[in-house]
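These protein sequence lines are chains A and B, in that order. Sequential numbering from 30 applies to the first sequence in the working numbering. Sequential numbering from 49 applies to the second sequence in the working numbering.
Hints listed in this document are in silico derivations from the structure and should not be mistaken for laboratory results. Beta carbons are placed, not taken as given, at the ideal position from N, Cα and C, and that holds for glycine. Misleading hints may appear alongside valid ones.
[Stated by the list, open to error] Cβ-to-Cβ under 8 Å is the rule here; a few derived chain A residues that face chain B:
no.	residue
1	R128
2	T285
3	R289
4	G459
5	P470
6	K474
If you want the building blocks of each chain, they are given just below.
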Amino acid sequence: MSRYTIALAGNPNVGKSTVFNALTGLKQHTGNWTGKTVERCEGSFKYMQNEFTVTDLPGAYSLSAFSEEETITRDCLLNNNYDCVVLVLDSGALRRNLRFAVQVLSMYERAVICLNLCDEARRSGISVDDKLLSAMLGAPVVKCSAVKKQGLRELKAACMDVCTGNITCQKTALIREYDPISDDNTVADKIFTTCVSQSGINKVRRRTEKLDKLLTSKATGIPIMLLLCAALFWLTAVGANYPSEWLSSLFEAIKTYLSRFCGFIKLPHFISGILIDGVYTTLSWVVSVMLPPMAIFFPLFSLIEDAGYLPRIAFNLDRFFAKSGAHGKQSLCMMMGIGCNACGVTGCRIIETKRERLIAVLTNNFMPCNGRLPILIAILMMYFAGVSSGIIASVKVTLLLVFIIVMCVLLTLLASKLLSMTIVKGAPSGFVLELPPYRKPQIIKTVCRSFLDRTLFVLGRAAIVATPAGAVIWLCANVYIGNTSVLEHCTDFLDPFGKFIGLDGVIVMAFILGFPANETVIPIIMMSYMASGTMCDYSGYEQLYALFTANGWTVTTAVCMIIMTVLHFPCSTTCLTIKKETGSIKHTVLAMAIPTISGIIICAVVSHIIAVFI
Amino acid sequence: MSSIIRLCDLAPNSKAVIHSFAAENASVKRVKDLGIAQGEEIVCLFRSPFSDPTAYRVNGVTVALRKSDCEKILVKAYE
Ligand SMILES: Nc1nc2c(ncn2[C@@H]2O[C@H](COP(=O)(O)OP(=O)(O)OP(=O)(O)O)[C@@H](O)[C@H]2O)c(=O)[nH]1
Ligand SMILES: [Mg+2]
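Input sequences plus hints: build the corresponding full structure.
Quick look at the structure:
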């Protein structure tokens with residue numbers, strides 16, 4: 030048995046990650062837009078008693094790297110002596126793909142050409158002479174379709190042949206003709222015209238053009254975008270209701286048994302308090318209320334992503350980003366940010382220039398992530414939809430959510446504009462956005478994968494973060510200094526400030542303690558209220574509404590709570606990511622300060638204005 | 049007869065051949081990396097709802113370019 034190393038390289042969005050997943054059985058994220066993968070990732074597979082380590086590299090247009098993730102690719106290829114480089118090419122766009130292939134082949138002899146997306150090329154009426162191509166490039170050529178799992182065995186066989194030396198790759202005369210200094214395309218173009226032919230109508234292109242007419246035109250582009258956004262939120266809010274109720278009554282029932290059990294084994298009140306009222310309550314809240322919306326939103330979002338719609342949003346909105354001195358691809362990072370701000374911040378690597386990337390990183394937190402979306406839904410349900418869960422209520426919630434998102438986008442633009450006028454001055458630089466063909470999403474696979482991912486992620490986080498948070502809160506609420514609990518000392522201290530911005534001390538503290546994960550903010554508020562007298566068992570929005578109202582919540586509080594949810598410092602994971610991406614503590618602090626300060630100001634102004642009218 | 053115009057002045061649904069670049073900077077380099085090079089045929093497809101950027105087909109792929117970048121690309125329009 031021997032071990033070999035393989036790298037997957039190619040232009041962006043040619044299906045490298047899909048090939049990687051198909052080869053290794055791993056679950057790298059894929060998506061129909063350029064720049065989905067920004068970090069290299071490793072996996073391995075066994076074939077004929079040999080072990081192969083595969084590296085999935087970010088897509089690159091050329092080796093004379095421009096953007097950060099392309100630099101990663103280039104350095105990886107230059108510094109690691111891979112036993113074999115698999116050049117993944119899009120069979121439908123070979124003209125451009127071959128240029129990259131020639132660039133790589135001129136420095137790397139041991140390579141396998143993987144003509145991916147064969148099914149799509151066939152429907153486009155494109156045919157490739159693989160034998161001739163192999164002869165001209167001097168490397169084995171394998172046709173495959175990673176999604177349909179076709180040609181993978183051949184690909185593995187070819188990799189093994191190259192790694193073991195069964196096939197010796199050699200630079201052909203043609204490849205030697207290529208001159209990396211002048212970097213001209215004559216060699217690649219010659220290969221293209223000899224090997225590739227197009228016949229009949231291009232069905233893929235026709236479908237894409239038809240859809241683009243609808244999705245990017247003046248009349249329908251923006252309305253459809255908003256409608257889609259609304260549909261996404263509506264499904265999330267409505268769909269999450271049922272599992273939420275179901276889960277919380279389940280947890281409630283278990284809690285009764287747990288308490289009885291604790292009584293039975295005569296556990297000291299102190300311990301059962303920490304375990305049941307502290308840890309268990311927080312955990313069950315995070316799972317029953319936060320998990321369902323995330324588990325619905327994420328898969329739906331992934332479907333849209335897989336179909337290729339995200340670059341169209343960036344296309345539709347670029348004008349505003351250009352006006353704000355920002356990069357058009359920032360909207361892609363923002364959409365990733367709705368999923369998770371840490372991912373959004375890492376995703377900013379697709380932005381090629383430092384200045385614009387910094388703007389995108391600093392403003393990413395203006396998009397409410399999946400950890401905050403359920404807070405918004407809960408508040409909207411309770412205070413603006415009249416608790417009832419009918420259609421009208423859900424439509425109201427949806428419209429308000431869309432409104433909030435639009436406001437978030439406007440705030441991001443405003444902040445970007447201000448940043449580009451002050452801290453990161455400079456003119457906007459070149460912008461090239463690829464609009465890939467629409468692809469039928471792999472529905473079942475995408476939905477299952479992102480559902481599982483999300484569920485596991487939230488459960489993991491709940492266990493890691495919510496458990497200690499629950500314990501700490503319970504302790505604070507039950508350890509007394511003098512006549513008041515530690516918790517009350519803290520909330521009393523924060524109360525004047527909280528009241529000033531339309532909230533109260535408990536809420537402010539919940540946001541501070543929610544720094545490790547926003548999911549815990551509402552459970553912390555709940556527990557603090559419950560600890561200070563009003564005992565109440567949670568089993569639905571009605572009770573929560575009663576609890577909050579009993580503790581002095583008004584519509585003003587709800588409005589300010591929404592504002593504060595959107596506008597406060599990013600969670601700890603995101604902060605660490607920002608530090609990692611910018612390499613600067615100053616910028617991390619800035620990323621925390623910008624939303625927090627604007628949140629405090631807006632809350633103060635809004636609450637005082639409302640107070641004047643009521 | 050064909051005339052040389054800036055790419056941004058090419059109307060939707062018309063074709064041209066890339067003639068030259070009016071500047072050599074990082075953003076032009078980026079444009080070239082994407083396969084938009086001299087002698088390449090380019091088709092103007094459609095404009096975004098707010099009329100900038102514009103989608104072009106070149107090299108068998110669709111790319112969107114901002115007006116400010118297209119000003120630096122000179123093309124020879126087909127009559
Ligand atoms: N029809 C079809 N679609 C494919 C095939 N391979 C990949 N795709 C789709 O192409 C899109 C891009 O796939 P990815 O694997 O994310 O591409 P990538 O090369 O890793 O992209 P970057 O990470 O952005 O460089 C996804 O929507 C896939 O579902 C294929 O063989 N046939
Ligand atoms: Mg990838």
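Hints and how they fare:
1. R128: Given a least distance of 7 Å, the restraint on R128(A) holds.
2. T285: violated (56 Å)
3. R289: Violated: closest Cβ of chain B sits about 61 Å from R289(A), beyond 8 Å.
4. G459: holds (2 Å)
5. P470: violated (19 Å)
6. K474: violated (26 Å)
Consistency with the previously given hints fails for numbers 2, 3, 5 and 6, ordered from lowest to highest.
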